[in-house]
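Peer 1: Here is how the chains run, residue by residue.
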Amino acid sequence: MLRSCALLTGLAAALALPAAAQETPKRGGTLQFAISGEPPNYDCHANSSFAAIHWLAPHYSTLLKFDTANYPKILPGVAQSYEVSPDQLTYTFKLRPNVKFHDGSAMTSTDIKATYERLRNPPQGVVSLRQASFEDIAAIETPDPLTVVFKLSKPDASMLANFASPWNCIYSAAKLQQDPNFPKTNILGTGAFKFVEHVKGSHWIGQRFEDYYEQGKPYLDGFRAVLLSGAPMINAMNGGQIMAEFRGFSPAERDRLVQSLGEKVQVQESGWVCKLDILFNTAKKPFDDARVRRALSMAIDRWGGAKNLQRIAFVKEVGGILRPGYEFAASKDELAQYPGFSENIQAAREHAKKLLAEAGVQNLKLTLTNRTVAMPYTPTGLFVIDQWRQIGVQAEHSQLETAPYQASLQSGNYEAALNFACDFMDEPNLQLINYISKDQSSLNYGNYIDRKLDELYEKQKRATSKDERKRLIREFEQHLFKESYTAPVIWWHRYIVHDRRLKGWHITPSHYLGQDLVDVWIAQ
Amino acid sequence: MLRYVVNRVLLAIPTLIGVAVVTFFMLRVVPGDIVEIKLRGDGGNVSREVIEQERERLGLNKPLVIQFVDWMKGLVTLDLGRSMWTGNPVSEEIGSRLELSLQVAVMAAVIAVLIAIPLGTLSALYRDTAVDYVIRIVTIAGLAVPSFWLGMLIILGLLWAFNWLPPLTYTPFYVDPIANLSQLIWPALAVGYRYSAVVARMVRSSIVEVMREDYIRTARAKGVFERLVVARHAMKNAMLPAITVIGLEFAFLIGGLVVTEQVFNLNGIGRLFVQAVSRNDFMLIQSLVMLIAVVFILVNLVVDLLYAALDPRIRYR
Chain A
1 MLRSCALLTG
11 LAAALALPAA
21 AQETPKRGGT
31 LQFAISGEPP
41 NYDCHANSSF
51 AAIHWLAPHY
61 STLLKFDTAN
71 YPKILPGVAQ
81 SYEVSPDQLT
91 YTFKLRPNVK
101 FHDGSAMTST
111 DIKATYERLR
121 NPPQGVVSLR
131 QASFEDIAAI
141 ETPDPLTVVF
151 KLSKPDASML
161 ANFASPWNCI
171 YSAAKLQQDP
181 NFPKTNILGT
191 GAFKFVEHVK
201 GSHWIGQRFE
211 DYYEQGKPYL
221 DGFRAVLLSG
231 APMINAMNGG
241 QIMAEFRGFS
251 PAERDRLVQS
261 LGEKVQVQES
271 GWVCKLDILF
281 NTAKKPFDDA
291 RVRRALSMAI
301 DRWGGAKNLQ
311 RIAFVKEVGG
321 ILRPGYEFAA
331 SKDELAQYPG
341 FSENIQAARE
351 HAKKLLAEAG
361 VQNLKLTLTN
371 RTVAMPYTPT
381 GLFVIDQWRQ
391 IGVQAEHSQL
401 ETAPYQASLQ
411 SGNYEAALNF
421 ACDFMDEPNL
431 QLINYISKDQ
441 SSLNYGNYID
451 RKLDELYEKQ
461 KRATSKDERK
471 RLIREFEQHL
481 FKESYTAPVI
491 WWHRYIVHDR
501 RLKGWHITPS
511 HYLGQDLVDV
521 WIAQ
Chain B
525 MLRYVVNRVL
535 LAIPTLIGVA
545 VVTFFMLRVV
555 PGDIVEIKLR
565 GDGGNVSREV
575 IEQERERLGL
585 NKPLVIQFVD
595 WMKGLVTLDL
605 GRSMWTGNPV
615 SEEIGSRLEL
625 SLQVAVMAAV
635 IAVLIAIPLG
645 TLSALYRDTA
655 VDYVIRIVTI
665 AGLAVPSFWL
675 GMLIILGLLW
685 AFNWLPPLTY
695 TPFYVDPIAN
705 LSQLIWPALA
715 VGYRYSAVVA
725 RMVRSSIVEV
735 MREDYIRTAR
745 AKGVFERLVV
755 ARHAMKNAML
765 PAITVIGLEF
775 AFLIGGLVVT
785 EQVFNLNGIG
795 RLFVQAVSRN
805 DFMLIQSLVM
815 LIAVVFILVN
825 LVVDLLYAAL
835 DPRIRYR
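If you read the sequences in order, they're chains A and B.
Read in the working numbering, the first sequence has 398 at position 398, and its numbers run on one by one without any break.
Add 524 to the 1-based position in the second sequence for the working numbering, that's all there is to it.
Rather than coming from a laboratory, the hints here were simulated on the basis of the structure.
Some clues are possibly wrong.
[As the list claims (entries may be wrong)] BS3-like mimics (lysine-lysine), calculated; alpha carbons at most 30 angstroms apart, straight line:
id : chain 1 : residue 1 : chain 2 : residue 2
1  : A       : 332       : A       : 459
2  : A       : 264       : A       : 307
3  : A       : 332       : A       : 353
4  : A       : 154       : A       : 353
5  : B       : 760       : A       : 184
6  : A       : 438       : A       : 154
7  : B       : 586       : A       : 184
8  : A       : 200       : B       : 597
9  : A       : 459       : A       : 264
10 : B       : 597       : A       : 438
11 : A       : 217       : A       : 175
12 : A       : 113       : A       : 154
Make the full structure from the sequences, and use the hints.
Peer 2: Here is the structure:
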């Protein structure tokens, strides 16, 4: 009891945000922090994991960027202003005149054009994972060194946000011309920090770039990121060796740090654009029957689960296909209309049993394929299995390493699987693409074709009014849950514990954002 | 002797080929490959064409036999290929970690020998006395306590007692000996304790055995001082099995400190092994297995040569 009280008091103190706005940032200091993974290469365009962007972001700039203190507001990056034509087919960016690469060369519209040409139409041997995001760009024009114009073939509701994506690092046109794969093995950006060294398997060092285009920034002299995870990372925080880790902590880790460090640490928390869905392999019986899939979805007590699971895993919010709290996400009342989201779980389970009986399925036994990653996959997998048990369905928990897990999903060698998806922002185009037909999306592992979903996806993507887009998204969600190709479980919740002296860093719902460290400073 | 060494080296070749064949084909049995992990990251939307292109680039689409022959050709010319994850030469990836792992292994071996031989000897000489019981408790505890757990206790103890932790990153000994030792002494102690327990038990039983031999009785009958009997006559023979254990444990330490390296955040061969396996980096896994096989073969050869040096009756032809 006393321990709980102490922990609660500590948490309250840790969560109490200081009046950061009133504090004047101070220059100097080196930020030492942890990152729990390493990238395969240094190319932002070819990576999609936090284990890449957390190392790379401080070295690069983007055309626009997210205002992490006021997410999802967009701020200028190397562009000092931008204009979107009324038909949403032309985006004109005026660039800052004082942007330099770390080798001293000036950044111009030619570099922006070369970067975006590489993103949308990568040359042979170059990997661009954002090709689909920029497929609507028909032409890129550079009328003068400080103006760049993107002409689109069709309006795309997510285009502005895509220009603010941290993955679209600006590269030097001259270097790309010499070697299109230059960024894979070299780091030359216009970001706030120059690259110093990367000792593989150990650490990464960045040093303040004196010619950074935002005057007076960055505040830090440099940073040192150390490859650390699990208990050693928590120990390092306890011992004051690192000031933060920016992906996320489990509730147990957060509590341990708050208990041991008290007011020395600050906790920031937020919803997370990461979700866990149950996928059903519709190519396998009985999962080809929507009634069976719906029954399995309805058996899950999401509301009760969220209340209990959040104590042990970084999951918290109940939601549909978009993050709860996001402007286009379903409200609680709207969710209640979908199968599987009723708070009356007894009635839902009775209905689920009836559906199974109607489908002629008795004593259903299945295998739930899951990852071996403990947090939050294992507790969530166990929770789902227990929920199914309550309608008489027996599930075996098959936890696989990442490669065999992905191979199982790819090859369709599974019955039901706990799948994850994380994005750099709340954006229906990014989140809905997981659910459209297999021949339209490489992320559809459910092996189904549903032209209605494809059509609704395309329509919402092209919608130029917010209301219209929202309506189309609801229709998409309604149809998806009626068919129950997938059953969302619980959305992730992000906790960041950092040294209280660390200032200027703001949590957002994405662990890919806000890692350029431009505004971060250390109160000595 | 030289002929013996050459023979042993030649005999190692079929062993290494066997290891290579088993490792190569066993790895390919596991479903999935590195490309998905590399490109999909946290669930990225990657087209199947891009995935196929990357597989093609890494040579994963070639027939298995061709892949194997390519790898073997490389091995013969000491070209271990490139890591499928980083694209760097495998020799570079391993080289940068081997230094640390070797140092920990050597330090642990030195600690183990320095503790084990006196303890094992004392335990044998004072058999069934209080001294023996205390030493047996210490050594049995060493066998029972996992090194990583002891490592965790050391870390927590340092944090609790001194509010200090070993450095997070490796500094080579020749750059800064203090920083180097302040990081590596702790894992060496954690591992060395278990290592010393294994060796001490072996030394004890060997000395007990040897002390019953006729030649010891003869030496005593001739009036040789007890200390000389032990040091000159008993120890040399008792050391033979202990050397085998010291050698095998040393070889194990090169790649077997997976959890201990994790606890102390050491960028060694064990951690590299775990990373390679979790990423399905076939080229790196294959080379690491070969490295460990070579280390075991070399250590066994050195142990055999030491046998000859310690026991004049053993002569190799």
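Peer 1: What hints, given by number in increasing order, does this structure fail?
Peer 2: Per hint list: 4, 5, 9 and 10 violated.
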